[in-house]
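**Student:** Protein chains in written order, with the numbering used here: chain R, 1 to 405; chain V, 1 to 387.
I should point out that these hints are in silico values taken from the structure, not numbers from a laboratory. Please note that a few of the clues may not be correct.
With a Cα cut of at most 20 angstroms, we get these calculated SDA-like pairs of lysine to any residue [stated by the list, open to error]: (1) R:K324 / V:L258; (2) R:K360 / V:K114; (3) R:K324 / V:I32; (4) R:K51 / R:R394; (5) R:K324 / V:L262; (6) V:K114 / V:I32; (7) V:K205 / R:K69; (8) R:K47 / R:D246; (9) R:K226 / R:R394; (10) R:K134 / R:G179; (11) R:K360 / V:K369; (12) V:K205 / R:K126; (13) R:K360 / V:D261; (14) R:K69 / R:M28; (15) V:K369 / V:K114; (16) R:K69 / R:F24; (17) R:K193 / R:E294; (18) R:K126 / R:Q137; (19) V:K205 / R:F263; (20) V:K205 / R:A292; (21) V:K205 / R:M28; (22) V:K205 / R:H398; (23) R:K134 / R:W180; (24) R:K193 / R:K126; (25) R:K360 / V:E179; (26) R:K324 / V:E179; (27) V:K205 / R:E252; (28) R:K360 / V:E257; (29) V:K205 / R:A399; (30) V:K205 / R:R4; (31) V:K205 / R:R392; (32) V:K205 / R:E273; (33) R:K360 / V:E46; (34) R:K51 / R:R211; (35) V:K370 / V:Q386; (36) R:K265 / R:E252; (37) R:K324 / V:K369; (38) R:K226 / R:A292.
Note that the coordinates shown come from a computational prediction; the quantities given were computed from them, not determined experimentally.
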Amino acid sequence: MSERQIMLYLHVHQPFRVSPYSAFDIGMRSDYFADNDQVSNEAVFRKVAEKSYLPTNRMLLELLRTQPKFALSLSITGTFLEQCERWGPDVLRSFQELVATGRVEIVAETYYHSLAFFYSRFEFEKQVLMHREKIQQLFGVTPRVFRNTELAYNNELAEWADGAGYLGAIAEGWDEVLGWRSPNYVYTAPGVKRLKLLLKNYRLSDDIAFRFSNQGWAEWPLTSEKYISWLDAIDDQESLINLCMDYETFGEHQWEAHGIFDFMKAWIPKWLESDSNSFVTATQAIIGHEPADEVSFERTVTWADTERDLSAWLGNSMQQEALKHLYELEEDILHSHDQELMNDWRMLQTSDHAYYMCTKWFRDGDVHAYFSPYGSPYDAFIYFMNAIRDLRLRLIQHAIGEESA
Amino acid sequence: MLGWELPPYNSGGLGVACYHLAKALAEHGADIQFVLPSTADHDDVEFMRVLKPRGTTKRTVYTSNPNPYTGDLTTIRELQAEYEDFVEKLIAIERPDVVHAHDWLTLRAGMRAKAVSGVPLIAHVHATEFDRAGGDYGDPLIHEIEEHGLLMADHVVAVSNATKQLITKRYNIPSDKIEVIHNSAELLDSHTTDISAYRYIERLKHEDYTVVATIGRLTRQKGLTHFLRAAAQAHSRYSRFLFVIAGSGEQRDELIELSADLGIADAVIFTGFVRGQALRDIYNLADVFVMSSVSEPFGLTALEAAQHRTALSITNQSGVREVLNGTLTYDYWDENRLADQLVALALSEPLRDQLAHDAGLEVMQLSWKKVAAQFVDRYSVLRRVQA
Numbered sequence: 001m002s003e004r005q006i007m008l009y010l011h012v013h014q015p016f017r018v019s020p021y022s023a024f025d026i027g028m029r030s031d032y033f034a035d036n037d038q039v040s041n042e043a044v045f046r047k048v049a050e051k052s053y054l055p056t057n058r059m060l061l062e063l064l065r066t067q068p069k070f071a072l073s074l075s076i077t078g079t080f081l082e083q084c085e086r087w088g089p090d091v092l093r094s095f096q097e098l099v100a101t102g103r104v105e106i107v108a109e110t111y112y113h114s115l116a117f118f119y120s121r122f123e124f125e126k127q128v129l130m131h132r133e134k135i136q137q138l139f140g141v142t143p144r145v146f147r148n149t150e151l152a153y154n155n156e157l158a159e160w161a162d163g164a165g166y167l168g169a170i171a172e173g174w175d176e177v178l179g180w181r182s183p184n185y186v187y188t189a190p191g192v193k194r195l196k197l198l199l200k201n202y203r204l205s206d207d208i209a210f211r212f213s214n215q216g217w218a219e220w221p222l223t224s225e226k227y228i229s230w231l232d233a234i235d236d237q238e239s240l241i242n243l244c245m246d247y248e249t250f251g252e253h254q255w256e257a258h259g260i261f262d263f264m265k266a267w268i269p270k271w272l273e274s275d276s277n278s279f280v281t282a283t284q285a286i287i288g289h290e291p292a293d294e295v296s297f298e299r300t301v302t303w304a305d306t307e308r309d310l311s312a313w314l315g316n317s318m319q320q321e322a323l324k325h326l327y328e329l330e331e332d333i334l335h336s337h338d339q340e341l342m343n344d345w346r347m348l349q350t351s352d353h354a355y356y357m358c359t360k361w362f363r364d365g366d367v368h369a370y371f372s373p374y375g376s377p378y379d380a381f382i383y384f385m386n387a388i389r390d391l392r393l394r395l396i397q398h399a400i401g402e403e404s405a
Numbered sequence: 001m002l003g004w005e006l007p008p009y010n011s012g013g014l015g016v017a018c019y020h021l022a023k024a025l026a027e028h029g030a031d032i033q034f035v036l037p038s039t040a041d042h043d044d045v046e047f048m049r050v051l052k053p054r055g056t057t058k059r060t061v062y063t064s065n066p067n068p069y070t071g072d073l074t075t076i077r078e079l080q081a082e083y084e085d086f087v088e089k090l091i092a093i094e095r096p097d098v099v100h101a102h103d104w105l106t107l108r109a110g111m112r113a114k115a116v117s118g119v120p121l122i123a124h125v126h127a128t129e130f131d132r133a134g135g136d137y138g139d140p141l142i143h144e145i146e147e148h149g150l151l152m153a154d155h156v157v158a159v160s161n162a163t164k165q166l167i168t169k170r171y172n173i174p175s176d177k178i179e180v181i182h183n184s185a186e187l188l189d190s191h192t193t194d195i196s197a198y199r200y201i202e203r204l205k206h207e208d209y210t211v212v213a214t215i216g217r218l219t220r221q222k223g224l225t226h227f228l229r230a231a232a233q234a235h236s237r238y239s240r241f242l243f244v245i246a247g248s249g250e251q252r253d254e255l256i257e258l259s260a261d262l263g264i265a266d267a268v269i270f271t272g273f274v275r276g277q278a279l280r281d282i283y284n285l286a287d288v289f290v291m292s293s294v295s296e297p298f299g300l301t302a303l304e305a306a307q308h309r310t311a312l313s314i315t316n317q318s319g320v321r322e323v324l325n326g327t328l329t330y331d332y333w334d335e336n337r338l339a340d341q342l343v344a345l346a347l348s349e350p351l352r353d354q355l356a357h358d359a360g361l362e363v364m365q366l367s368w369k370k371v372a373a374q375f376v377d378r379y380s381v382l383r384r385v386q387a
C-alpha cells in the first residue's frame, strides 16, 4: 500500500472588537477596544478558552504523546497572542507545550489578521515581520510556510511569499481554479522559484468543521469508521490530504456535547494504525512531495463562504469605505511614530471589523450573525467610522504637540 | 386636551408643540387637563394636570409611549382603546368647555368625548397619514380615523396652509371649517455650545469645513435619500463638507448604506436621537440646516435652526416656509438644486449670514403666546356657539 499523509492545519485567532463608539465619543475617549456592557473581549476570550482552547490543546497534546506519527500545524495571530498574555497565560502555556513537542509547526501570517496585502505592501510586510518576531519570542521557532488572512491567495501573493523566502503557502483547493485536478497533491505557482502550494481539501475539512453536528446532513452522525472510509476511498496516487480549519471548530463551532473531541480522539489513532498512514506538518508536506503541476490563481480565492472570495469583507460599500479611509491614514500614522496610534490603527485593520459589516445575510449570513457582537452591520460600520475620526483627531493633536515641542 | 406624548418622552415634534402650546394656554389662564396614554412620569409639569389611565390591563407598562410613527399598530390600538375609556370616564366626572385633540392618535377619544357629552371638539392637525407615508398611500385604517374625526370635529386647526389644502382636498372637509394656526418655536434656553460633545465637528470647522445638519426622524417622509444624493453631488464639487444627520428611525440602515454607496460615508455623521444640550449644539455648530421633507405639515426644527442663526434650505413641501421667508427653498426631488444651494452656501459666508439674519428676525416675531391667544379666541367662539 502506498504512503498516505494528512497535513492538519488549524487557525487560531481572536480580534480586539470595537465597543460601541458613538459620534459623541469622538475626541472624548480613545479606548476603542475597552470592554463594556455590550462588548467584552476578555469575556469572549475566556469563554472560548474554556470551551475550546484548553480542552482542544489537552486533546492535541494527548494525541502527540500517544501517537508518534501525529503532527499538526497552527497559525496563531498576534492579536490572539496578546490576548493570551493579558487574559490567558494558561492558554499560552498550553500552546507552548504543543510546539515544544517538535511536531507542531507554526505558520506565518500577518500579526493583525489583516487584509493589508490588498491595501499596502509596506504595511503588510511590517505585520508579517511583527508576527514572525512574536512567534520567535514566544515559541522559539521561525515560520517557513505562509498563509494569508482567510487564506486569501492569488498569484501575486505566491510571488511575494516566494521572494520573501517561504517554502510554501496554504490556499483553498477550490474547484474553479483546480478544474479536473485534485487538491491532494503539492503544486507550484506561476513565476516562483521554489514556492510550493498546499491546497485545502475543503470537502473532508468541512465535513468536520461545518457539518459534523448538523443533523440535517445526510451523513450525520459522522463516525470515525465513516470518515476513515472516505479517506481510504481516495485514489492511492493522491498521497497528501490537507485538512484546514478554524481551530475553534473544536468546542466552539462544534460542541463537546455533540462528540467532536471523542470523534477526533477516535479516528486519528485508528487511521494511524496503518503503517502507511502518517500526519505531517506543512513544511514536511512541502519537502516530502514534488509539485504535480503549476496552478494559477488569477483572482483572489479565500476559504470563506460559498463564493470563496473576499465578499464577506469587501463585498459592500460600507466595508470598502471603511477600509479605504482606514488605509488612507497610513502615511500620517507611520510618520507620527506614536506607538499607541500605530497600535490602534493596526488593531482596526483586523479583518473581523469589516466582517461585522457584512450584509450578504441570506446565503452565508447566519454564520456572520453568529460571530458579530453588534446589533447590526450598520452599527459596526458607525462605530468603526467614528473610531477612524477619533484617530484623525489624535493625529492632529499629535502634530500640534510636535510643533509646540 | 388630548395628547400622545410630552417631552422628554417624545419621539418627535408633536410632543414639543403640545407642551409649549399647553404652557402658553395656561399662561392665558386656561385650566388644562392633559390626557396621555402612558405611565410616563410628568410630575414636573406644573402648569396643567397631566392625567393618564391607570393601566388596568395586563399590558406592558411603557416608560414612554409606543412611538406613534413607528410603533406596532396593534399595540397602539390597544392603548387607544384604553385611552378612550379613560377619557369617557373623565368627561363624566368633570365636563370641560372644549376638547382639544391632537392628531389621529387621540381623535377617536375626542369623538367619543363629544358624543357622550356634547362638548365641542377641536381637531388639531399636526400631520396627516398622507404626510407620514412620504408619498405612499399610508394606512387605510388611519385614514379612516382621520377622515371621520375631521368630519365630526366642530372645528379643525391645521399647522399650515399646505396642511389645510391637503385636508380639504383629500378628506373633503369644507375649508371654512379649517383654520390655519402656525406653530411657534420656544426660545431654547441655552445658546452656549458645549463643544466637548462634538469635538470632531468643532475641529473640522476650524479647518473651514461647512457643517450641514438635518434633524428629524429617519423616515421616508423626511426625504433624506434625496438629501444624501444632493450631499454627494455637492461634496464632489466642494470637498470640505460635513453632513450631520441627527435622529433615529426605520430608515437609518438604508441611509447609512446609501452614504457608503455614494462614497461620502466619511463626510456623514449619524448621531442617533439627540435631545437637550446635544440637540442645541447641533444647531449651534451647523452652518446650514436642511429640511428635506417630502411632505412636512410644519417643521419645528426649521424654526429652532432659525433661532440659532443658521442658514436654511427647506423644501417647498414644508409648511414652515409659510412663516419663514429668509430661506432658500427647493422641491424635495430636486437634488441638483439643493446641491447648488449647498455649494453656494459653503462658498459664500455673506449669503449664509444674510439668510441667518433674515430668518432669525422672522422667528423672533413668532411666539407661543400669540399662538395660544388664537386658540383662546377660538375656544370662546365654540363655547358661545355651544351656549
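**Student:** Now tell me, hint by hint, if it's right for this structure.
**Tutor:** Cross-check of the supplied hints:
1. R:K324 / V:L258: Roughly 16 angstroms between the alpha carbons, so the hint for R:K324 and V:L258 holds.
2. R:K360 / V:K114: 54 angstroms, violated
3. R:K324 / V:I32: 57 angstroms, violated
4. R:K51 / R:R394: Status violated; Cα separation ~39 angstroms.
5. R:K324 / V:L262: At roughly 14 angstroms apart (the allowed maximum being 20 angstroms), V:L262 and R:K324 satisfy the hint.
6. V:K114 / V:I32: Satisfied, since the Cα-Cα distance of roughly 17 angstroms is no more than 20 angstroms.
7. V:K205 / R:K69: 67 angstroms, violated
8. R:K47 / R:D246: 16 angstroms, holds
9. R:K226 / R:R394: With a Cα-Cα distance of about 58 angstroms, the restraint between R:K226 and R:R394 is violated, given a limit of 20 angstroms.
10. R:K134 / R:G179: Given that 20 angstroms is the threshold and the Cα spacing comes to 38 angstroms, the pair is violated.
11. R:K360 / V:K369: 54 angstroms, violated
12. V:K205 / R:K126: Measuring from Cα to Cα gives roughly 35 angstroms; hence the hint is violated.
13. R:K360 / V:D261: 15 angstroms, holds
14. R:K69 / R:M28: The given pair, whose Cα atoms are some 56 angstroms apart, is violated under the 20 angstroms limit.
15. V:K369 / V:K114: Given pair V:K369, V:K114 is violated - Cα atoms ~27 angstroms apart, limit 20 angstroms.
16. R:K69 / R:F24: Outside the cut-off at roughly 57 angstroms; violated.
17. R:K193 / R:E294: OK: R:K193 and R:E294 at ~12 angstroms, within 20 angstroms.
18. R:K126 / R:Q137: 16 angstroms, holds
19. V:K205 / R:F263: 62 angstroms, violated
20. V:K205 / R:A292: 62 angstroms, violated
21. V:K205 / R:M28: Since the Cα atoms of V:K205 and R:M28 sit roughly 17 angstroms apart, the hinted pair holds (cutoff 20 angstroms).
22. V:K205 / R:H398: Holds: V:K205 and R:H398 sit about 19 angstroms apart, inside 20 angstroms.
23. R:K134 / R:W180: Violated. R:K134 to R:W180 sits at ~40 angstroms, over the 20 angstroms cutoff.
24. R:K193 / R:K126: The hint is violated at about 23 angstroms.
25. R:K360 / V:E179: Violated, because 51 angstroms separates the two Cα atoms, which is more than 20 angstroms.
26. R:K324 / V:E179: Measuring from Cα to Cα gives roughly 54 angstroms; hence the hint is violated.
27. V:K205 / R:E252: 48 angstroms, violated
28. R:K360 / V:E257: 13 angstroms, holds
29. V:K205 / R:A399: Distance of about 18 angstroms is within 20 angstroms: holds.
30. V:K205 / R:R4: 67 angstroms, violated
31. V:K205 / R:R392: This hinted pair holds, its Cα atoms lying about 14 angstroms apart.
32. V:K205 / R:E273: 73 angstroms, violated
33. R:K360 / V:E46: Not satisfied, since the Cα-Cα distance of roughly 53 angstroms exceeds 20 angstroms.
34. R:K51 / R:R211: Distance of about 19 angstroms is within 20 angstroms: holds.
35. V:K370 / V:Q386: 25 angstroms, violated
36. R:K265 / R:E252: 17 angstroms, holds
37. R:K324 / V:K369: With a Cα-Cα distance of about 53 angstroms, the restraint between R:K324 and V:K369 is violated, given a limit of 20 angstroms.
38. R:K226 / R:A292: Violated. R:K226 to R:A292 sits at ~29 angstroms, over the 20 angstroms cutoff.
Taken one by one, the earlier hints fail for this structure at numbers 2, 3, 4, 7, 9, 10, 11, 12, 14, 15, 16, 19, 20, 23, 24, 25, 26, 27, 30, 32, 33, 35, 37, 38, listed in ascending order.
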